[in-house]
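Just so you know, the sequences run in chain order A and B.
Just so you know, the first sequence maps onto residues 1 to 622 in full-length UniProt numbering.
Just so you know, the second sequence maps onto residues 1 to 494 in full-length UniProt numbering.
Bear in mind the hints are in silico, worked out from the structure with no lab data behind them.
Careful: at least some of the hints might be erroneous.
With a cut-off of at most 25 Å between alpha-carbon atoms, the simulated BS3-like pairs for lysine-lysine come out as follows [stated by the list, open to error]: (1) B:Lys-346 to A:Lys-422; (2) B:Lys-443 to A:Lys-476; (3) B:Lys-317 to A:Lys-88; (4) B:Lys-319 to A:Lys-476; (5) B:Lys-253 to A:Lys-471; (6) A:Lys-384 to A:Lys-422; (7) A:Lys-445 to B:Lys-381; (8) B:Lys-266 to A:Lys-616; (9) B:Lys-64 to A:Lys-384.
Covered stretches of chain B (chain A as the covering partner; in silico rule of three or more C-beta atoms under 8 Å from a C-beta of chain A) [stated by the list, open to error]: (10) 162-169; (11) 368-380.
Virtual Cβ for every residue (Gly too), placed ideally from N, Cα, C.
Here is how the chains run, residue by residue.
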Amino acid sequence: MESLAESRERGCHVIGRAWRGMAAHLSSGRVNLTALREAGRRELREFLDKCAGSKAIVWDEYLTGPFGLIAQYSLLKEHEVEKMFTLKAGRLPPADVKNIIFFVRPRLELMDIIAENVLSEDRVRSPLRDFHILFVPRRSLLCEQRLKDQGVLGSFIHREQYSLDLIPFDGDLLSMESESAFKECYLENDQTSLYHAAKGLMTLQALYGTIPQIFGKGDCARHVANMMIRMKREFPGGQNSIFPVFDTLLLLDRNVDLLSPLATQLTYEGLIDEIYGIQNTYVKLPPEKFLPKKQGEGGKDLPTEPKKLQLNSAEELYAEIRDKNFNAVGSVLSKKAKIISAAFEERHHAKTVGEIKQFVSQLPHMQAARSSLANHTSIAELIKDITTSEDFFDNLTVEQEFMSGIDTDKVNNYTEDCIAQKHPLIKILRLVCLQSVCNSGLKQKVLDHYKREILQTYGYEHILTLNNLEKAGLLKLQTSSRNNYPTIRKTMRLWMDDVNEQNPNDISYVYSGYAPLSVRLAQLLARPGWRSIEEVLKILPGPHFEERQQLPTGLQKKRQQGENRITLVFFLGGVTYAEIAALRFLSQMEDGGTEYVIATTKLINGTNWIKSLMEKLEPPPF
Amino acid sequence: SMAPGALLLEAQREYEKESQKADEYLREIKDQNLLSEAVRQCIEAAGYEHEQEVGGSGAASFGKCFLDKFPPESFVRTCRDLRVLNAIWDYQIGIPLTFAQYKQLTIEVLLDRLVLRRLYPLAIRICEYLRLSEFQGVSRILAHWACYKVQQKDKSDEEVAHAINQKLGDTPGISYSEIAARAYDCGRTELAIKLLEYEPRSGEQVPLLLKMKKSQLALNKAIESGDTDLVYTVVLHLKNELNRGTFFMTLQKQPVALSLYRQFCKHQELETLKDLYNQDDDHQELGNFHVHSSYSSEKRIEGRVAALQNAVDEYYKAKNEFAAKATEDQIKLLRMQRRLQDDLDKPYVDYSLHDTVYGLILDGNHKRAEHLYRDFRVPDKRFWWLKIGALAEREDWEEMEKFSKSKKSPIGYLPFVEICMKHHNRHEARKYAARVTPEQRVKAHILVGYVAADAAIEHKNETEMNLVLSKCTAATDSSVAEKINRAKAQSLKK
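Just chain A, same shape as in the assembly (with noise of 0.2 Å):
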């Protein structure tokens, strides 16, 4: 399966490798999110159609990670699309094509850079060429008038939006891959991503059904309802005749829990990715450890490309281990071991002609299973050698000390040491904010203190970083003098003491102790509901609410006996793995009643996430 990222690296002369059927893992779940791919791939083939004949796409580099989900190269090229070439200043590399197509993100930066692609454009040698921009997710007034400013306006043909809002990652998982939707909504005051985010959820619902009920919690949440209740009045035709999938939406914001995207994700898939980032689906490992096991004479010459696997529920193994506490994944993998091994062993045992060709025929899916367990062993003992490093236990032993609300008002030595010691600053800010959240804010003291400490060590360029923190409240003082998270970590059973890596019997084993307070908020909400915790729920910010839509009388769902509810759950601002494979636990607990599918404005983990929030100020060259 070719990326689209890969196909335009190459320059796109080559053809993708053979379309595979892709896809199978998004109807795993209880909600077939095929759909939604499906629709999605009906808008881009008749947006290429519009432009007939030969076709070169120029990509904002944000967008092929996102449209690889949606499309491989091979359904660009069978519209017509033979060339592809990454958004850039200047002229436009040549191609001898009909149609160049911009597919961009509505901004302001990125229309100058196709304004001067167009203005620069040699009328004399090549003057056939046709120009579109497709506007993703949405057309913008602001640009277009832009444009018409540089004078370009009228060079367009077609000027068209591809509302590409909710992503299917995987049968359970959408996100709109947002960046800085986080940023934009909590520092910034800009709730662009929130419009979009009502917009994906208006198309989710055309395939859908009305979701007849919308719980929420937090500003960015209301906003998203109100502006839903709005749309679904603006849509013309009224009712929607399709019948439910979904019963409840839950809508959270990012900053009701500021918490668990801070602290390090223990589970599989977590550790994947706090350790190595994963994008759209795809992670980038060192190749060492993924050699052939048998090297020839040419064994010198070792692999400088980083190793790249795709991660989803399509891979078998994969889908077994990803949610489960890493300390839990080894006894998998070697029973997974013999068990394969004990497979291959069978064809001693076959004698008959007949048994023999039901061993071939096993073949193909024995193997795929072997290399599969091959790369997960190989990543398995990655990560193992940096969870089994000091550094990584004595981190993790201050956050859960801060987590359980141990020492949390005084300055922490171990902070203090890493940044004397200068390890990476995204690792401390994670540190403080941690201990910033888990105590209600810091007093003036710890604060500053910690604040002298980090701009003297990495440089005073950070102050406005730490001012960013302070806005978004992940860093903050403490201004009443209680502090409030005990309350809210005993009634929301935040640390359990006992908890069960191997055989979880609670969510808290997705950080090993730590039950992340946005899964709690939907499974109380499950069971018994949020009465209950009223008082918590004064305590974290935003208002909390419900809303119910109407539906016909038809449409009305009488749920069989045993049926499950179907929760989709929205993060505004994103979401961890840790708190996703959560929510997965909760679906797959047998007296649970309730199933999960998760939305999120963006898959985070507190590197990225921290990272998104800091200025970046460089002083000028000398």
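With chain A held as given, fit chain B onto it using these hints.
Same frame as chain A, but now just chain B:
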């Protein structure tokens, strides 16, 4: 005529006369298997009934009774069409279309004619009767009606708007903005605004409001919609329309628009951003602004210092003592770094304080390092970490030992052991291993490669014993492992 239709008509007439001849005629048709053809002919004839009294519909409905599976659609359709024709033939309407003319004209055109004659209620009744989709039927006519209504100058805006909303309500497919546009074209701006109130789609409201120069209202609507692009559009429109003062005042009242405009300025018009903050007396942001420009727009040290000095002033005004002091420190540091750069002919400017001190120690400038450490009140602990790191990198083991003895280490001696080992100097590391506290001894011993078993056993600490065990290799340390295992077993017994 002997056509099956004619026979059927005859049969029905006889039937009404209660004559048995009806049965004979029917049989004749049925024997020829022509009954359905007969019914079809009668239905067709019925269409022309008004032109001459034929009685086709009665005959058709009679004949139909003797057929098992005659599809009813054509019969029903003809009956409906006839009722429509009946309605328009009424003397009050007076459109005497023949059936053929009507078919030729199509229902849509007929409706248009009715609309032109302002026969709205009849047109709507017909739409409903024919079950036309709302979009091409009722909604369209209501919209026409409303567009006519807005031209009635004798009624007040209030009345007209109310009347229109009463009739139209939330009928799908109705575009209030189109009606409003019509009202505006007729010079009734106020009415247009009132009508726009009923328009649920903000995207439709805003452009017309802007056209009517109701920008403030347009701004409200844009904000309500949540569509930030729409808000931007109005804001930039306002910016061109109003003078700067009024423009800022307007934004002041709309926090959402103001924050969006700030974002716009951040990327497009930095100077305006400063003006905005100034107007708000937002000293914190002004301070940040100056810090920003000190990095991005000033090249010379003097310029950068000046910008930072502005930031200091703003931070003080914002009562952010910490930021003000930190910025003052930075100014001081920049000046010192420049001096260092001049004196030592090495780049120092723009390194953090930590890196500056580190660099000085690395170059053996201990005096200057010490000076900075005191001047900026670097905490002892951090200075010790920093200094031993730099000394180890310099491999200045002598200086390190001297330093370690200068006073009691605030960070203990384990870091000394670690840093020496990191630089592969086991000999030096062992010196410090002897000085670590008893609690850290096992760890230190392991680091420097001593057999730490004794210390661990002495501590009766199982974790430590396990740690030692994990370091033992079967080949070389079997005796040690055995010793620990024995100690562990013993402590278990107790």
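Checked hints:
Annotation: proposed proximity of B:Lys-346 to A:Lys-422 holds, straight-line Cα distance about 22 Å (limit 25 Å). Of the pairs offered as hints, the one joining B:Lys-443 and A:Lys-476 is violated, with about 37 Å between alpha carbons and a cut-off of 25 Å exceeded. Proximity of B:Lys-317 to A:Lys-88 is assessed by CA-CA distance (about 43 Å); at most 25 Å being required, the pair is judged violated. Restraint check: the Cα-Cα separation between B:Lys-319 and A:Lys-476 comes to about 16 Å, which is no more than 25 Å; the hinted pair holds.
Only pairs whose Cα atoms come within 25 Å are accepted, and B:Lys-253 paired with A:Lys-471 is accepted, the gap being roughly 22 Å. Straight-line distance between C-alpha atoms of A:Lys-384 and A:Lys-422 comes to about 24 Å, which keeps the hinted pair within the 25 Å bound. For the given pair, A:Lys-445 sits about 17 Å from B:Lys-381 by alpha-carbon distance, which is consistent with the 25 Å threshold. Taking the CA atoms of B:Lys-266 and A:Lys-616, the gap is near 14 Å; set against the 25 Å cutoff, the hint holds.
A threshold of 25 Å between alpha carbons decides the hint, and for B:Lys-64 with A:Lys-384 the separation of about 85 Å lies outside it, so the pair is violated. Look at the stretch 162-169 of chain B against chain A: 0 of its residues bring a Cβ nearer than 8 Å to a Cβ of that chain, fewer than three, so the hint is violated. Under the rule that three or more residues need a Cβ within less than 8 Å of chain A, the assignment of the stretch 368-380 of chain B holds, with 3 such residues.
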